Amino acid sequence: MFKRRIPLFILAFVGTLLIVSVFIPPMENLGEDFTLFFDIIAVFAFFLGGGNLVRIHFGKLRRRKKDWGFSIVTLVAFFFMLTIGLLKVSSVGGVWNIPLLGIGDPAAIAASPTTEGSWFQETFNYVINPLQSTMYALLAFFVASASYRAFRAKNREATLLLLAAFIILLGRTPFGMELTRWVPESFSVLQIPNMAIWIMNSPNLAGQRAILIGIGLGVVSMSLRLILGIERSYLGEDRG
Amino acid sequence: MTSKLFLALLLLPFSGLAQDDPAGVDMLDTAVVVVAPPTSVIAVDHKYDKGERIDLTWVPSIDDQLVEGKVLAYRIYRIVNDGGPQLVADVATGVGPYQYADEDLHRDSIYSYYVAAVSSNYEAASTRTAPMSPQREWMNLDRKWLFLIALIVGGSVLLFITAARRGTKLFVRKIAGLEAVDEAVGRATEMGRPILFVPGIRDMDDVQTLAALTILGRVSRVIADYDTRIFMPTSRSLVMTAGRETVKAAYQAAGRPDKYSDDMVTYYTDEQFGYVAAVDGVMVREKPATVFLLGAFFAESLILAETGNYIGAIQIGGTARPAQLPFFIAACDFTLIGEELFAASAYLSGEPMQLGSLKGQDVGKAIAMIAIIVGAVAITIGEAWDVEFMHDIVTWLSGVFSTR
Chain A
1 MFKRRIPLFI
11 LAFVGTLLIV
21 SVFIPPMENL
31 GEDFTLFFDI
41 IAVFAFFLGG
51 GNLVRIHFGK
61 LRRRKKDWGF
71 SIVTLVAFFF
81 MLTIGLLKVS
91 SVGGVWNIPL
101 LGIGDPAAIA
111 ASPTTEGSWF
121 QETFNYVINP
131 LQSTMYALLA
141 FFVASASYRA
151 FRAKNREATL
161 LLLAAFIILL
171 GRTPFGMELT
181 RWVPESFSVL
191 QIPNMAIWIM
201 NSPNLAGQRA
211 ILIGIGLGVV
221 SMSLRLILGI
231 ERSYLGEDRG
Chain B
241 MTSKLFLALL
251 LLPFSGLAQD
261 DPAGVDMLDT
271 AVVVVAPPTS
281 VIAVDHKYDK
291 GERIDLTWVP
301 SIDDQLVEGK
311 VLAYRIYRIV
321 NDGGPQLVAD
331 VATGVGPYQY
341 ADEDLHRDSI
351 YSYYVAAVSS
361 NYEAASTRTA
371 PMSPQREWMN
381 LDRKWLFLIA
391 LIVGGSVLLF
401 ITAARRGTKL
411 FVRKIAGLEA
421 VDEAVGRATE
431 MGRPILFVPG
441 IRDMDDVQTL
451 AALTILGRVS
461 RVIADYDTRI
471 FMPTSRSLVM
481 TAGRETVKAA
491 YQAAGRPDKY
501 SDDMVTYYTD
511 EQFGYVAAVD
521 GVMVREKPAT
531 VFLLGAFFAE
541 SLILAETGNY
551 IGAIQIGGTA
561 RPAQLPFFIA
571 ACDFTLIGEE
581 LFAASAYLSG
591 EPMQLGSLKG
601 QDVGKAIAMI
611 AIIVGAVAIT
621 IGEAWDVEFM
631 HDIVTWLSGV
641 FSTR
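First to last, the protein sequences are chains A and B.
Note that this note's numbering has the first sequence beginning at 1, numbered continuously upward.
Note that this note's numbering has the second sequence beginning at 241, numbered continuously upward.
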């Protein structure tokens, strides 16, 4: 019973307090304070996450489950980063420092693991960063395939979408500017770059703001359901 | 040189140097650029704060108004409890209203100020302001309209919840993405493949993650009923913990606690693209029949949705980030747009009380619509025919919806 009631009480109390704090100046920093509390809790929860990762992949390895080879890569990478970060391994100008093992400069123990020359930072710069950039670069190809599907002129709406996309694409290139340079200044609104700006600033912005208003109201409604304890599905209950 | 010095000495009685000059100028070495001090320096307590701020305004030096570049800046000096003057800030000239907000003050101290106009080698100080202490207010009346709107919207939600509790029939439009949940879970059951639930990449302090977890509660109940597998990779440890509790409780509620395993909800990494690589890997290897992408998504939204599309999964996406919605619309079978994400749990529950809360939102929408129409008409007429009254309406509306 307490497993349900205590979270509900905390949620109702903190939720109400934070709403009230918006209107009471002496309480206006309460939101920042609670964010700080949250960050502290999240740090401890990180041990849970890391521990879970190790447990799952060790289990996979022990039972030789499908694709267990990937678990070796994960575990080696995990423990490698953990070790060089905790031991503050660095090599500057050919001189090795592992201060916790008494190797090299003992003063290096006070250095941040992210200083230049530390293995932790070097691994981040030369392994993790390129890998992340590789993943991000995939986006260009996915945008192309998604655009192809979205802009097929199957019906009236899709045709309109295609037309708008075409104008914006052209409007953002020098070719679009050249194409309609001949249009007189008094009709400058018909120049493709200006049409692109109009599409972005008027229909697009209006649509986005309409969605944002809906989101704001949705958040209010959901917050009230949570604070009042009507919404309990996150606790696995069907009704409040 | 001598004539300039003579002129400077002649003007001395009219300049700020005749008053309390804190800087002191070596007038014998260089030609002194004498400037007049700022006037009407007023210090007022900042309204509706917790007593930490005093606002200063002044009329600029006459030399600043007549000769551009003669006054280089204004120096703000603060005197605390009759102590010595402390230089607080330099305010550049020609950058708009002449004002300064002195912050991080204490309510139990007494403050007075003076402002000095500064030329290249001279400082002309104004008279001191009257001593004062910042005051604390208990209500922020600048937000009275926000309070009223919150009261109306919140009150309407409560009113409709009460009406629903009394048995009033409420109409809620059909949301295609949510109608498809049973079908999507059923498809996975028939195909004997798992269901992938991705709750976004933000932590539990994001309301979108919270919305995703409320939907997870409903969806995992259906999954437990159908005896299908669910897999939920997370990028935050707290989301993993909360997700496990939610899925576990849903399996218990469905009478199948033995089918639950902690391995259903797992943590990968906080790194955005590391997480994407891991989830994409799961998609390609496990080929889930159904993918739920619900929560806060950023650049990874299209990478995930397109991979799901590539493996032929039925996809239900939803986020409250307008910039990511087009990607979900292009790549997913169903998309929950903005508010639908927050309405999903209530909609899926079908409970009158929860549906009542959705109806309450409509009052907020009506207020927004009226304000938009009135504002658009007022600004159009105001600009076209320069009608002062219409400009006033626009200013008033801007103030009403301001959250400062």
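Incorrect hints may have been included.
Chain B stretches covered by chain A per the calculated footprint, using a threshold of three residues with CB under 8 Å from any CB of chain A [as the list claims (entries may be wrong)]:
(1) 322-332
(2) 444-458
(3) 528-537
(4) 580-587
(5) 595-604
No wet-lab data here; the hints were simulated from the structure.
These numbers were taken from a predicted model, which means no experiment stands behind them.
In this text, a Cβ means the ideal position worked out from N, Cα and C, and glycines have one as well.
To see whether the hints hold, each was checked on the structure:
no. : hint    : result
1   : 322-332 : violated (count 0)
2   : 444-458 : holds (count 11)
3   : 528-537 : violated (count 0)
4   : 580-587 : holds (count 6)
5   : 595-604 : holds (count 5)
In the structure shown, a violation is registered for the earlier hints numbered 1 and 3, in ascending order.
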